[in-house]
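For the protein sequence lines, the chains are A and B, in the order given. If you want our numbering, it's the 1-based position in the first sequence plus 57. If you want our numbering, it's the 1-based position in the second sequence plus 48.
The set of hints was computed from the structure by calculation and includes no laboratory data. Just so you know, these numbers come straight off a predicted model, no measurement behind them. A couple of the hints might just be wrong.
For the chain B half of the interface with chain A, some residues (derived, Cβ under 10 Å), not all of them [unchecked claim]:
id, residue
1, L57
2, L61
3, T67
4, Q83
5, S103
6, W121
7, L125
8, Y128
9, P136
10, Y137
11, N160
12, P163
13, P164
14, T167
15, D245
In silico negatives: residues of chain B with every beta carbon more than 12 Å from chain A [said to hold, decoys possible]:
id, residue
16, A58
17, L62
18, L71
19, R127
20, A129
21, I131
22, W148
23, A225
We treat Cβ as the ideally placed atom computed from N, Cα and C, and that holds for glycine.
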Amino acid sequence: MLQRTVVDAARRRLLRALAAGGIATTLRAMPAFAQPAGLITRPIPSSGEALPVIGLGSWITFNVGNDRAARDGCMEVMRAFFAAGGRMIDSSPMYGSSQDVIGDGLERLGKPARLFSADKVWIAPGTRGPAQIERSRQFWRVPRFDLLQVHNLLAWEEHLPTLLAMKSAGRLRYVGITTSEGRRHSDVERIMRAHPIDFVQVSYNVADREVEARILPLARDRGIAVIVNRPFREGALLKAVQRRPLPPFAAEMQAGSWAQLILKFIVSHPAVTCAIPATTRVDHVRENMAVALGPLPDAALRRRLIEHVERA
Amino acid sequence: MSEWWTYTLADFLLFSPQTYLRLVEGYQRDVWPVQIPTLVLGVVVALAALRGGRSAGRIAALILAVLWIAVAWAFHLERYATINWAAPYFAAAFVVQAVWMLATGFVRNGWNLGPPRGTVDWIAIALIVFALAGEPLLGRALGRAWPQVEVFGITPDATALATLGTLLMARQPGSMALPALWCAVSGALLWAMEAPDALVPPVAALAALALALATRRRRPPQRPAW
C-alpha cells in the first residue's frame, strides 16, 4: 500500500510536470491565441465563465466535404478567429461535414486551449442520441464537449435527461436547447421555465426581434445564457441593407460596415451572451471579431438603428 | 418536423453553391475520361430509341440501369454524401430505379422503342438529345466550367432526363416516377442555390410524365421478344 502511495504521488508529480510543460509548450506554440486586451465578454450565468460576445457558426460555410483547399480555408478562418480572441465554435450533426471539418482544423491548429466547443444532438428517437453524440465528439476530436444543445427541440423530452445526466457525470459542462427563425417559441419558453438548462439558442437581429418580448427577458430572469444564430438571416439581411450607405451614427458605434452594425446591435442586448456569425472568409471573421473590441450601442442608438433599418 | 410550413427551401440547403460546384468539378476530374464512354452509351440509347427493333428496349434498359447504379455509387455515395446526409437515400432510390428498369426493360423486354411516329415520340427523342448535349451546353452558357456541367451517365440530372426521354418513348409512365422525383429534388436544390436553370429538370420531367400518361395506350403493343 505504501509503495503504491509513493508511486501514485510520483505519478501525480510527473503528470503535473507534464501538464505544466504541455501548457508551456502550447503557450509558446500559439502566442497568437492569447486573448486580446479589451475584448468584450459576457459571463455564462450558471457558472460565471466569460465568453467573448462573438463566436463562430458553421452552418453551410464549413460543410465542404473532402475538398482539401476548402478545408484549408476553414482552418484559416478558425486560426483568425482564435487569434482575435474567439472561443465558441458551434456546429451540429445536421450540418453535413462541418463537424469533421472543424475537428480537422482544430487538430491542425494544435487543439487551441481557448476553444469552447458547442455542438448539438439532432436525432429521433432519443435512444439514438448517445451514439450520435459520441460520433460527433469523434468528428470534433475533443475529449468532451463544453456545450451540447437539443437541435430545434427534436425529441427534446428524451434528449434533455441524457444531456443533464452527462453534465452531472462530468462528461459535459453545459446543456442547452436551440431553435431558429422564430419556431416553437412557446415550447422554448416552457423548457426554459421547467428545466435547468444553461443555454438557449435563438435567431435574433435588428429585423427579427420577436425574442425581445419574452424569451430574452425570461433568459435574464432564469439565468440562462443566450446564443444568437442567423444574425444576418443567412446573408439576406446584409443584402437588403447594403444598398444603403451606413447611417451617420455608425461612427459613434465604431462600426465600419453593416455587418458590424448588425452584430453590435445583437450583442448589445443585455440578455445576449454571444452571436455566432458563420463565414468562409478570414477578412470577414476579423471584421466580426472586431465588434467585440469597440463600444456597443446604448438603448437610444439601438432604437435609431431599428428605425433606420425599418425605413430601408 | 413541427411547424413545417415555416420552413423554406433555403432551410434545407446544407452547403453553398460554390461547394456543390467544386464537388461536381472534383468528381468529374476524378473520373475523367469515363465521360467519353458514358456519352457513347448515351448515343447508343438515343439510337435504340430512334430506330427501335427487336432488342432496342433491352439494350437501352441495360445501359440505363448500369449507369443509374454507377451514379448511385460514384456520385451520391462517394461524393455527394460528404456534404448531404440525404445522399445515401438518393443512392438507394437510384438503385431501386435501376433494378426496376432491369426487370421491366431487360428481363421482361417490355420497352417498345422507335421508330418515332408522332410528335410525342419526337419530343422523347429531343429530351434524350437535350440530356446528352443540351444540358452540358446550357451549363457552359450559364458560366460553369466544363467539369461543372451535367454529363449523361456521370451526373444525376442528365442521366435522369435521358432516362425520362427513353421511358416516354416506351410509354412507361410507371417507371418514370423516381426519375421525375429526382428531377423535382434537384430542381428544388438548384432553386435554393438560385441557379438560373433550376426549373429545367422538374419542368422537363413533369412534361415527360404528363405526355407519357396521356399517350400511354397509343403505341402499338410490344413485339414478341423471341
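To see whether the hints hold, each was checked on the structure:
1. Taking 10 Å as the C-beta contact cut-off toward chain A, the hint placing L57 of chain B at the interface is violated, the least distance being around 12 Å.
2. Taking 10 Å as the C-beta contact cut-off toward chain A, the hint placing L61 of chain B at the interface holds, the least distance being around 7 Å.
3. Because the closest C-beta pair between T67 of chain B and chain A is about 5 Å apart, less than 10 Å, the hint holds.
4. A least Cβ separation of about 21 Å between Q83 of chain B and chain A goes past the 10 Å threshold, and the interface hint is therefore violated.
5. For S103 of chain B, the suggested interface contact is broken, since its CB lies about 41 Å from the closest CB of chain A, more than 10 Å.
6. Given the 10 Å rule on beta carbons, the hint for W121 of chain B is violated: about 16 Å separates it from the nearest Cβ of chain A.
7. With its C-beta approaching chain A no nearer than about 13 Å, L125 of chain B sits outside the 10 Å limit, and its interface hint is violated.
8. At a threshold of 10 Å, the smallest CB-CB gap from Y128 of chain B to chain A is about 9 Å, leaving the interface hint in force.
9. Below 10 Å, beta-carbon pairs count as interface contacts, and P136 of chain B has none with chain A, the closest being about 13 Å; its hint is therefore violated.
10. Against a cut-off of 10 Å between C-beta atoms, the interface hint on Y137 of chain B is violated, since the closest Cβ of chain A lies about 14 Å away.
11. Because the closest C-beta pair between N160 of chain B and chain A is about 42 Å apart, greater than 10 Å, the hint is violated.
12. Using the Cβ-Cβ criterion of 10 Å, the hint placing P163 of chain B at the interface with chain A is not satisfied: the shortest such distance is roughly 45 Å.
13. The beta carbon of P164 of chain B is not positioned within 10 Å of any beta carbon in chain A (closest approach about 42 Å), and the interface hint is therefore violated.
14. Against a cut-off of 10 Å between C-beta atoms, the interface hint on T167 of chain B is violated, since the closest Cβ of chain A lies about 44 Å away.
15. Hint status for D245 of chain B: violated, given a least beta-carbon distance of 21 Å to chain A, over 10 Å.
16. For A58 of chain B, the non-interface assignment is contradicted: its Cβ lies about 7 Å from the closest Cβ of chain A, within the 12 Å cut-off.
17. Here L62 of chain B does not stay apart from chain A, with its beta-carbon only about 5 Å from theirs, under the 12 Å limit.
18. Distance check on L71 of chain B: its Cβ comes as close as 6 Å (rounded) to a Cβ of chain A, failing to clear the 12 Å threshold; non-interface status is violated.
19. For R127 of chain B, the condition that its CB be more than 12 Å from all CB atoms of chain A is violated, with the nearest at approximately 7 Å.
20. Separation of A129 of chain B from chain A is inadequate, the least Cβ-Cβ distance of about 9 Å not exceeding the 12 Å criterion.
21. The beta carbon of I131 of chain B sits about 4 Å from the closest Cβ of chain A, which is not more than 12 Å, so the claim that it is off the interface is violated.
22. For W148 of chain B, the requirement that its beta carbon stay farther than 12 Å from each beta carbon of chain A is met, with the minimum near 29 Å.
23. Even its closest Cβ contact with chain A, about 28 Å, leaves A225 of chain B beyond 12 Å, as expected for a residue assigned away from the interface.
The structure does not agree with the numbered hints 1, 4, 5, 6, 7, 9, 10, 11, 12, 13, 14, 15, 16, 17, 18, 19, 20, 21 stated previously, though it agrees with the rest.
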